[in-house]
Structure formats: C-alpha cells, structure tokens
Amino acid sequence: MALTTPVSGREPRSAGGRRRKRSGLGRAGSFLNNLPQPIAVLLVVIVVLAFWQLIVAVGGVSEIILPPPLAVIEEIGVVAVQLATGGFLLGQLWLTIQEIVLGFLLASAVGFLLGLWIGQTRFGQRAVMPLFVVVEASPKIAFTPVFIAWFGFGISSKFLMAAFMSVFPVIINTAAGMSAASEDEVKLFRSMRASSWDIFWKLRIMRALPFIFAGLKIAIVSAVTGAVAAEFIGGGVGFGEQVRVAASRIALDRVFALIFYLSILGLILFGAISWAQRKFAFWDVTSITRKKEKK
Amino acid sequence: MSAGTLEGTRTVYRIEGLDHVFDAAEVHALQDIDLRILQGQVVSFIGPSGCGKSTLLTIMAGLLEPSRGTVLLNGEDVDGPPDEVGIMFQRATLLPWRTTVENVLLPIELRHGKRRTKAYRDQAEDLLQRVGLAGFERRYPGELSGGMAQRAAICRMLITEPDVLLLDEPFGALDELTRERMDLELQRIAAARDATVVLVTHSIPEAVLLSDRVYAMSARPGRISEVIDIDLPRPRTLDTMALPAFVDYTGRVRRALDRGHEDS
Chain A
1 MALTTPVSGR
11 EPRSAGGRRR
21 KRSGLGRAGS
31 FLNNLPQPIA
41 VLLVVIVVLA
51 FWQLIVAVGG
61 VSEIILPPPL
71 AVIEEIGVVA
81 VQLATGGFLL
91 GQLWLTIQEI
101 VLGFLLASAV
111 GFLLGLWIGQ
121 TRFGQRAVMP
131 LFVVVEASPK
141 IAFTPVFIAW
151 FGFGISSKFL
161 MAAFMSVFPV
171 IINTAAGMSA
181 ASEDEVKLFR
191 SMRASSWDIF
201 WKLRIMRALP
211 FIFAGLKIAI
221 VSAVTGAVAA
231 EFIGGGVGFG
241 EQVRVAASRI
251 ALDRVFALIF
261 YLSILGLILF
271 GAISWAQRKF
281 AFWDVTSITR
291 KKEKK
Chain B
1 MSAGTLEGTR
11 TVYRIEGLDH
21 VFDAAEVHAL
31 QDIDLRILQG
41 QVVSFIGPSG
51 CGKSTLLTIM
61 AGLLEPSRGT
71 VLLNGEDVDG
81 PPDEVGIMFQ
91 RATLLPWRTT
101 VENVLLPIEL
111 RHGKRRTKAY
121 RDQAEDLLQR
131 VGLAGFERRY
141 PGELSGGMAQ
151 RAAICRMLIT
161 EPDVLLLDEP
171 FGALDELTRE
181 RMDLELQRIA
191 AARDATVVLV
201 THSIPEAVLL
211 SDRVYAMSAR
221 PGRISEVIDI
231 DLPRPRTLDT
241 MALPAFVDYT
251 GRVRRALDRG
261 HEDS
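Line by line, the protein sequences are chains A and B. Mapping of the first sequence onto the numbering used here: position 66 corresponds to residue 66, and the numbering continues sequentially without gaps. Mapping of the second sequence onto the numbering used here: position 98 corresponds to residue 98, and the numbering continues sequentially without gaps.
Note that these hints are calculated values from the structure, not bench results. Here the structure is a predicted model, which is why all the values come from computation and not from measurement. Mixed in with the good hints there might be a few duds.
To be verified - Some chain B residues near chain A, calculated using beta-carbon distances under 10 Å:
#1 Gly80
#2 Gln129
#3 Arg130
To be verified - Simulated pairs of lysine to aspartate or glutamate, EDC-like, Cα-Cα distance not exceeding 16 Å:
#4 B/Lys114 - B/Glu102
#5 A/Lys202 - A/Glu185
#6 A/Lys217 - A/Glu136
#7 A/Lys217 - A/Asp198
#8 B/Lys118 - B/Glu137
#9 B/Lys114 - A/Asp198
#10 A/Lys279 - B/Glu109
#11 A/Lys202 - B/Glu109
#12 A/Lys202 - A/Asp184
#13 A/Lys187 - B/Glu137
#14 A/Lys202 - B/Glu102
#15 A/Lys187 - A/Asp198
#16 B/Lys118 - B/Glu102
Idealized CB from N, CA, C, for every residue including glycine.
Let's have the full structure, built from the sequences with the hints guiding it.
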C-alpha cells in the first residue's frame with residue numbers, strides 16, 4: 001500500500017462531466033494521504049519537533065522546564081555512549097529488563113493456567129471472570145505502594161508489580177480464547193472420535209492462540225509500566241529510579257532521554273511478541289499479510 | 001468392497017421406533033422413525049428446517065443419543081462415531097493452521113497418531129489429485145475457494161475409506177453451478193467405492209439427482225411423511241435433469257413436502 005503511486009489525486013468526474021473546483025486544502029489533503037507511509041511518519045515527527053523547538057525559542061518557556069529537542073537528542077547520545085561502554089546506566093537498564101521479563105514470564109504462566117481454568121469451567125466463567133474484568137478495569141498502578149510494603153525495596157517487589165500489571169490481560173484473553181473453537185469444529189473432531197486431549201491440543205489451544213497473543217501484547221506493555229512505576233516508588237535501583245533522580249535534579253533533558261530508551265525497550269519486547277504471533281498464529285486474519293511467503 | 005458383501009441386499013442401517021426430544025427446549029425433534037438402508041443405496045432426507053433431518057443424521061453418526069428407539073449399523077448398536085462411517089457437514093471446517101493435505105490427514109492422525117500418519121501421505125495426495133486439487137496440497141485453507149475447500153473436506157472424509165457416507169447439506173453453502181458439479185463428483189466417488197450414502201438436503205433437484213430413495217419429512221414433530229423411490233438410470237448426468245421422468249419426480253417430492261406441510 002505504501003508503494004501505490006501518488007499521481008495527481010484527481011477526483012472522478014461528476015455525472016455532468018463538469019470538473020469540480022477544488023480548494024487548496026483538499027489538494028493538500030490528498031497530497032498528504034498519498035504520501036508513502038515512512039515519509040508521512042517522518043513528516044509528522046519533523047512537524048512535532050519543529051513545533052516543540054518553536055515553543056522553546058519564542059514561547060518564553062524556560063529551557064529547564066522544557067529542554068529543546070536538540071538538547072534531548074544530544075542527551076540521548078550521551079546516554080547511548082554510557083550504555084555502549086557498559087557504564088552505570090547499562091547495569092540499571094539490565095536490572096529493569098530482568099524485572100520486566102521475569103514479571104512478564106510469571107504473568108504469562110500464571111495467566112495462561114488461570115485462563116484455561118476459567119475458560120473451561122462454568123464456575124470460572126460465571127464467578128471468577130467478572131472479578132478479573134473488574135480488576136483489569138481498575139487503575140492497578142495504584143497498588144504499587146502495596147507491593148513495596150509487602151515485598152520490600154529489592155527486585156522482587158518490582159517484578160511482582162510487573163507481573164501483577166500484566167497478568168489480567170493474559171487471563172482474560174486466554175479464557176475468551178478457550179471458547180473460540182466453533183461448534184462445527186468440535187462436532188467434526190468428535191465425529192472423528194478425537195480424544196478430549198486431542199480436542200484440547202489440536203483444536204482449542206490452536207483457536208485460542210490469536211487471543212492469547214493479543215493478551216501477551218497488552219501484558220508486555222503493562223509489565224514495562226509496572227516495573228518502572230515500582231522503581232519510582234520502591235527506589236534504589238533500576239532505570240525508572242534514574243528517571244526519578246534526573247527529574248528531582250530538574251535535568252529534564254536526561255529524563256526525556258531515559259524515557260526514550262524505555263520506549264525503545266518496550267518496542268523491542270512488543271516486537272518480539274508480535275514476531276512470535278506471526279510465527280505461531282500465522283493463519284489468523286490479522287497476520288494474513290504474510291500470505292505470499294510460503295515455502 | 002468388504003468381503004462377504006451381498007451386493008445391494010445387505011442392510012446397512014436399520015432404525016426402529018426412533019424418537020428424539022431435546023429436553024432443554026422440549027422440542028419433539030423426531031417421532032416414530034422406522035427405516036432400512038441397504039448396501040450401496042443412496043438415500044436423501046429432505047424437508048423444511050426444523051423437520052429433524054440433521055438431528056436424524058447426527059444420531060446415525062453416533063454423535064447424539066436418541067431418546068428412544070434403536071439404531072443399528074451393520075447389525076450393531078450405534079453408541080459413538082463408528083469406524084466405517086465418514087461424515088461431511090455443510091461447512092468444510094478445514095483447520096486454517098493446517099495445510100490442505102494435513103487437513104485431509106487429520107482423521108488418520110487422530111486415529112493412529114502423528115508418526116503413523118506419514119504412511120498415508122501418498123494416499124491423501126492421490127485423493128486430492130482425484131478431486132482436482134493437485135498442486136494445492138501445501139496451501140492453507142485460506143487460499144482455497146469454497147468449492148475447493150469442500151473438495152478437500154470430501155478427501156478428509158474418504159481418507160479412512162468409509163463404507164457409509166453421511167452428508168449433512170454438504171454443498172448447501174456453494175453456488176448452484178458448483179453444487180451440481182460437486183453432486184456429480186460425489187456420485188462418481190460413491191459409485192466407485194460402492195459406498196452407502198445418506199444425504200440431508202433441502203434441494204429437491206439435488207435429492208432426486210443423487211438418490212435411489214427420497215424420504216420426505218415434515219416438521220413438529222419431525223417424521224417421515226412419504227417415501228419416494230427414484231428409478232432413473234445411472235450414472236446420472238446434468239442431462240438427466242432434463243428428462244421428463246426427472247421433472248416428474250421433483251414434482252412428486254414437492255407435492256409430498258407440501259402435503260407434509262399442511263398436515264403439521
């Protein structure tokens with residue numbers, strides 16, 4: 001779609017054959033709509049950065065309150081050097097990654113098993129599922145101090161908070177996925193005398209995969225949030241703690257730079273889940289774009 | 001095909017005093033069904049929705065226990081899906097994460113396990129070739145048209161070499177032209193294997209074209225209102241549909257269905 005030629009963006013003629021007058025705005029609109037996607041994204045980024053720079057330059061906002069984009073980019077470079085040379089920040093980042101991954105894995109395992117149970121029992125669906133949906137809809141981040149109080153200032157309170165943040169989407173999606181197999185499919189399996197073991201592994205789990213992956217994608221993002229939030233409050237270690245320290249020094253360029261790297265980390269983790277989804281649930285409509293490349 | 005078969009005379013299905021009530025809805029789905037289906041026969045159940053024709057087929061397939069009555073297949077009680085039966089539904093229901101040939105091999109895999117399935121691969125590919133799906137073995141169902149998917153479903157049904165084919169509106173979701181072609185293909189396959197075929201349909205021409213015997217059913221309660229034997233030469237072709245006798249038979253089936261409708 002990004003490769004379709006933009007050409008002139010001419011409208012089809014009206015029935016009378018008269019060509020309509022077009023406003024300059026309409027012309028600009030169709031020009032923007034026909035830009036190749038990467039260029040369009042780049043354009044938006046440049047506009048936002050320019051606007052940001054403009055506010056700092058002429059808006060009279062102090063550079064301490066709002067550091068200009070160039071200062072932030074420079075700081076991103078400084079942090080990059082630290083990370084590349086294995087400095088203090090790299091250790092902090094590594095700690096945060098451990099918290100996130102550990103929390104996410106724990107949430108995936110627990111969430112998957114709970115989701116299976118809830119999805120397959122009437123009691124689970126009727127009595128337990130509604131509670132989890134309520135918790136999922138609540139601002140779970142508010143529980144952070146509770147986790148610090150329970151599990152202390154070490155790494156455990158952080159990864160458990162990450163797990164707490166991310167377990168509910170896995171539970172809810174897995175449970176929903178367990179009823180994704182159609183009646184026709186179950187009937188087909190039964191007509192072929194499939195064991196319940198086979199119906200579970202060769203049908204239900206497969207049908208649940210797209211749901212499970214949808215849950216895992218929300219979970220990995222939530223795990224990052226949970227770990228960083230726990231570091232804010234639980235103090236001492238981690239990338240989130242460095243963000244807090246920089247903010248307390250009003251070194252906002254450093255804050256933005258650190259957030260930039262946290263975002264990159266989140267993107268990489270999210271990308272890994274997406275990759276696994278395309279590999280294991282390739283047949284799902286949402287990833288059908290890969291259709292052409294079959295061995 | 002199987003040894004000791006008395007061609008055309010052996011009773012395959014014997015159903016006596018069959019009643020079925022769906023408890024939850026208290027719907028009297030089937031009442032007083034008595035019939036015999038002979039080896040190599042092609043029979044159709046036809047009737048309005050709610051006449052219980054699909055329920056009857058589901059019971060014959062061993063997927064549903066009737067409230068009352070007996071269903072014997074080759075003299076034995078049906079208490080679960082029998083080995084010698086192949087079933088096909090209105091929707092092809094291919095699993096999208098399996099290639100076409102893997103879908104065809106699914107019944108084998110469920111019966112004998114994954115390792116022993118490999119030995120059947122040639123057979124599956126051969127079946128696919130015979131229904132015109134050569135070259136599609138490794139494609140995923142998402143890439144098949146409705147007619148192609150239904151052909152693959154036929155192969156999946158045939159891979160276990162069933163003697164009895166139970167077909168629940170197998171081509172009901174296909175367009176008219178594709179359906180006629182599939183009907184003839186089905187006739188060819190059934191004749192080649194000397195299979196007994198039980199077809200549920202709501203298309204009168206399809207029932208007449210394929211069947212030796214048509215059971216017209218009426219609804220509420222679902223029962224057999226009339227039995228019409230179709231005496232047309234085989235193999236039947238699209239030209240058969242232009243014969244005066246064919247037109248006559250479709251008229252008789254229609255009138256039987258209309259009468260059944262008035263009764264209820």
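Hints and how they fare:
| no. | hint | result |
| --- | --- | --- |
| 1 | Gly80 | holds, 7 Å |
| 2 | Gln129 | violated, 20 Å |
| 3 | Arg130 | violated, 21 Å |
| 4 | B/Lys114 - B/Glu102 | holds, 11 Å |
| 5 | A/Lys202 - A/Glu185 | holds, 11 Å |
| 6 | A/Lys217 - A/Glu136 | holds, 15 Å |
| 7 | A/Lys217 - A/Asp198 | violated, 27 Å |
| 8 | B/Lys118 - B/Glu137 | holds, 14 Å |
| 9 | B/Lys114 - A/Asp198 | holds, 11 Å |
| 10 | A/Lys279 - B/Glu109 | violated, 23 Å |
| 11 | A/Lys202 - B/Glu109 | holds, 10 Å |
| 12 | A/Lys202 - A/Asp184 | holds, 14 Å |
| 13 | A/Lys187 - B/Glu137 | violated, 24 Å |
| 14 | A/Lys202 - B/Glu102 | holds, 12 Å |
| 15 | A/Lys187 - A/Asp198 | holds, 13 Å |
| 16 | B/Lys118 - B/Glu102 | holds, 10 Å |
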